[in-house]
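Trainee: Here is how the chains run, residue by residue.
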Amino acid sequence: MVAKVPRNFRLLEELEKGEKGLGADGCSYGLVEGDDVMMSNWNATILGPPHSNHENRIYSLKIHCGNSYPDEPPIVHFISRINLPGVDAQNGRVELAKLQRVSNWNRDFTMERILVALREHMAHPNHRKLHQPPENNTY
Amino acid sequence: MSSNETPERPSSPSEAPPAEPVTFTVKSSHDQKYTISLPLTTPVLEVKNKLAEMSEIPADRQRLIYSGRVMKDEETLATYKIQSGHTVHMVKGAASNANRGAAAGGPASTGNVRPAVPTNIAAGSGNNPLAGLTGARYAGHVQLPSADMFGPDGGMGPPPDPEQLAQAMNNPLFQGTMNEMLRNPQLLDYIIASNPMLQQLGPEARRLMQSDMFRQMMTNPDVIRQMSQMGGSLGGRGFGGMGAPPPSFPEPGRTDTTPAPPGGAGAGTTASPPPQPPFGASGAPNPFAALFGAPADSTPGGQSFGFNPEILNQLGLGTAAPSTGTPSTGVPATGGQAAPLPMFDPAAMNALLSAMGQQGLGTPSPAPADNRPPEERYADQLRQLNDMGFFDFDRNVEALRRSGGSVQGAINQLLG
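Protein chains in written order, with UniProt numbering: chain P, 1 to 139; chain V, 1 to 416.
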C-alpha cells in the first residue's frame with residue numbers, strides 16, 4: 001500500500017508547480033498569502049479558452065483547501081463573474097459535481113485538475129457561446 | 001491524523017525585499033520564454049516595457065499572471081513576492097477592452113449594443129468571413145464550390161438560368177447551409193462590423209439578417225426564381241452586375257411572365273470585385289431606387305426583397321446544382337408581384353445587399369482560394385507559426401486546415 005501524502009506536503013507540491021509555471025496551459029494558481037503556513041487560501045486564474053466567448057479574458061478564482069484536503073475537494077469560487085452552468089450565479093461558487101473530470105473526487109486530484117476541468121467546461125460546445133457579463137465584473 | 005503537520009516552507013519572502021535582483025521566467029502562450037532579472041522594487045509596468053522590447057508585444061497588450069493573480073501595472077514585483085526561478089505567464093490580450101463586453105452576445109443580444117468583431121476571426125482567419133465555414137465544424141456539411149462551377153471559361157459564360165437557381169434552392173442541403181450561415185452570429189457580426197454602412201444601421205441590420213422572414217426569403221425557391229426573372233428584367237445596371245454595359249437587356253418594364261434571358265454581365269467572376277457597392281446607399285443610379293426608397297409601411301401590397309446570388313454561389317450552390325456559369329448579376333427584385341412576402345426597411349435591405357455583395361466579392365473568395373496550394377493560401381499564418389517555432393510544414397498546414405485558418409486554433413491543435 002502506498003503511503004498517503006499528507007495534506008501540507010501535497011499542497012507544497014502544488015504550490016511549487018504553480019509558482020514554477022509547470023502546470024497546464026491557461027491556468028495559474030498560487031497562495032493568497034505567501035506566508036500562510038496552512039496554505040489554505042489560493043488564487044487562481046483561468047485564461048478563457050479560444051474560440052469561445054471567453055477568449056482573451058482572464059477569470060480569477062479563489063480556492064479554499066480545508067483541513068481535510070485532499071481527502072475532501074477544495075471549495076472553489078469564481079471571483080470574475082461568469083455565466084456557466086455549475087457556477088452559482090449569486091456567489092460564483094463552483095459545483096464540482098457538475099464538472100465531469102472531478103465530479104467523483106479522488107484524493108489524487110489537484111487544484112490544477114479542477115482548473116483544467118473548468119476550462120474544458122467553458123469550452124464545451126454547449127457553453128462556449130453563452131452570453132457573458134462584461135469583463136472585470138466580480139461577485 | 002497526521003495530515004496537518006507543516007513541512008518546512010522554502011525561505012519566506014515576507015521580510016523586506018532584498019536588494020539583489022530576482023531572476024524569473026516569463027512564459028508566453030507560444031512556449032516562448034524570456035528570462036528577466038530585476039529587483040523586487042520594480043513596478044510591473046516596467047517589466048512589461050522590458051518584455052515589449054524582447055517579445056514585440058506592446059506593453060499595453062501584455063497581461064501578466066503570477067500564482068493565480070493578474071499583475072497590476074502600478075504594483076511592484078514585491079507585491080507578488082516573486083522568487084528566483086519562478087514563472088510568470090504572459091498572455092497577449094486584445095488591443096482594447098472597450099468592445100469586448102458586447103462581443104459576447106449570441107443571437108439574443110440584438111439590442112442596442114453593436115457587436116464587435118469576434119476576436120477569433122481577427123486572430124487569423126484574415127478578412128474572410130466565410131473562413132469559419134471551412135473549419136472542421138462544417139466538414140462534410142458545406143461543400144465549397146469547385147472551379148468548374150464557373151464554367152469551362154472560368155466564369156465568362158452566361159449565368160445559370162433561374163430554373164437552375166430554383167433547383168439549387170430546393171436542395172435541402174443548400175437550404176440548411178443558408179440557414180446555418182444566417183444563424184451564425186459570428187458571421188453576422190463580422191459582416192456588420194466590417195461594413196460601415198451596416199454599422200450605421202446598427203442593430204437594425206442584425207435584426208434584419210436574423211429575422212425569419214429574411215431567412216425564408218433566402219431559402220424560398222419561388223422567391224429566388226422570381227428574383228432571377230426580375231434580375232433579368234433589370235439588366236446589368238447596378239445590382240452587383242459587374243458593371244458591364246447592358247447592351248441587349250430587356251426593358252425594366254418587362255413582366256414576370258416573360259421568360260428571363262440568361263442576361264447579365266458575364267464578365268464578372270468572384271475574383272474581380274466591383275469597385276464600389278453597386279447597389280445601395282452609395283446612390284448608384286438604378287431604375288428601382290425609387291421603389292426601394294418608399295417607406296416600408298406605405299405600400300402594404302408592394303413587396304420588396306433583395307438577394308445577391310453571389311453569396312449563395314459561394315456557399316455551395318455550385319455543388320448543389322451543376323451550374324455552368326457564375327451568376328454575376330445580383331438580382332434584387334422589387335415590385336408588387338404575387339409572392340406574399342413581408343416588406344423590409346428598404347434602407348436596411350440596401351445596405352445589407354451591398355454588404356453581402358462586398359463580402360462575397362470584395363474579399364478573396366473561398367471558392368478559388370481553396371484550390372490554391374496551402375503554402376499560398378496560408379502564407380501569412382504559416383509565417384506566424386514558423387515565427388513561433390512550429391516548423392513542421394505538414395502539421396502546420398493540417399492544423400490550419402482544421403482550424404479554418406485561425407492561427408490561434410492551429411496552435412491549440414499543435415500543442416494539444
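Everything labelled a hint here was simulated from the structure, so no lab data went into it.
Some hints could be false.
Said to hold, decoys possible - Capping the alpha-carbon separation at 25 Å, the derived lysine-lysine pairs in DSS-like fashion look like this: (1) V:LYS50 x P:LYS20; (2) P:LYS62 x V:LYS72; (3) V:LYS72 x V:LYS33; (4) V:LYS33 x P:LYS20; (5) V:LYS92 x P:LYS17; (6) V:LYS92 x V:LYS72; (7) V:LYS72 x P:LYS17; (8) V:LYS33 x P:LYS129; (9) P:LYS62 x P:LYS98; (10) V:LYS50 x V:LYS72; (11) P:LYS62 x P:LYS17; (12) V:LYS33 x V:LYS50; (13) V:LYS92 x V:LYS50; (14) V:LYS72 x P:LYS20; (15) P:LYS129 x P:LYS98; (16) V:LYS50 x P:LYS62; (17) P:LYS4 x P:LYS17; (18) P:LYS129 x V:LYS72; (19) P:LYS20 x P:LYS62; (20) V:LYS92 x V:LYS33; (21) V:LYS50 x P:LYS129.
Trainee: Now look at each hint and say whether the structure bears it out.
Mentor: A quick look at each hint next to the structure:
Between V:LYS50 and P:LYS20, the direct Cα distance comes to roughly 21 Å. Compliance with the 25 Å bound is thereby established for this hinted pair. Distance restraint check for P:LYS62 and V:LYS72: the Cα-Cα separation of roughly 18 Å lies within the 25 Å cut-off, and the hinted pair is therefore satisfied. Between V:LYS72 and V:LYS33, the direct Cα distance comes to roughly 21 Å. Compliance with the 25 Å bound is thereby established for this hinted pair. Between V:LYS33 and P:LYS20 the alpha-carbon distance is near 12 Å, which keeps this suggested pair within the 25 Å criterion.
With a C-alpha separation of about 22 Å, the suggested pairing of V:LYS92 with P:LYS17 holds against the 25 Å cut-off. About 15 Å separates the Cα atoms of V:LYS92 and V:LYS72, which keeps this hinted pair within 25 Å; it holds. Of the supplied pair hints, the one linking V:LYS72 and P:LYS17 holds, its CA atoms being roughly 22 Å apart against a limit of 25 Å. With a C-alpha separation of about 32 Å, the suggested pairing of V:LYS33 with P:LYS129 is violated against the 25 Å cut-off.
This hinted pair checks out: P:LYS62 and P:LYS98 have alpha carbons roughly 18 Å apart, not beyond 25 Å. Of the pairs offered as hints, the one joining V:LYS50 and V:LYS72 holds, with about 15 Å between alpha carbons and a cut-off of 25 Å not exceeded. For a cut-off of 25 Å, the pair hint linking P:LYS62 to P:LYS17 stands: about 17 Å separates their Cα positions. A hinted pair counts as satisfied when its Cα atoms are at most 25 Å apart, and V:LYS33 with V:LYS50 qualifies at roughly 14 Å.
Taking the CA atoms of V:LYS92 and V:LYS50, the gap is about 15 Å. The hint holds against a cut of 25 Å. Proximity of V:LYS72 to P:LYS20 is assessed by CA-CA distance (about 20 Å); at most 25 Å being required, the pair is judged to hold. The hinted pair formed by P:LYS129 and P:LYS98 meets the criterion: a straight-line CA distance of about 18 Å does not exceed 25 Å. Restraint check for V:LYS50 and P:LYS62: not satisfied, since their Cα atoms lie roughly 30 Å apart, outside the 25 Å limit.
A distance of roughly 19 Å separates the Cα atoms of P:LYS4 and P:LYS17; the hinted pair therefore holds under the 25 Å criterion. Note on P:LYS129 and V:LYS72: the hinted pairing is violated, with a Cα-Cα distance of about 29 Å set against a maximum of 25 Å. Among the hinted pairs, P:LYS20 with P:LYS62 is consistent with the structure: their alpha-carbon atoms are about 19 Å apart, no more than 25 Å. Distance hint between V:LYS92 and V:LYS33 is fulfilled; the C-alpha atoms sit about 14 Å from each other, no more than 25 Å.
Only pairs whose Cα atoms come within 25 Å are accepted, and V:LYS50 paired with P:LYS129 is rejected, the gap being roughly 36 Å.
Of the hints listed earlier, those the structure fails to meet are numbers 8, 16, 18 and 21, in rising order.
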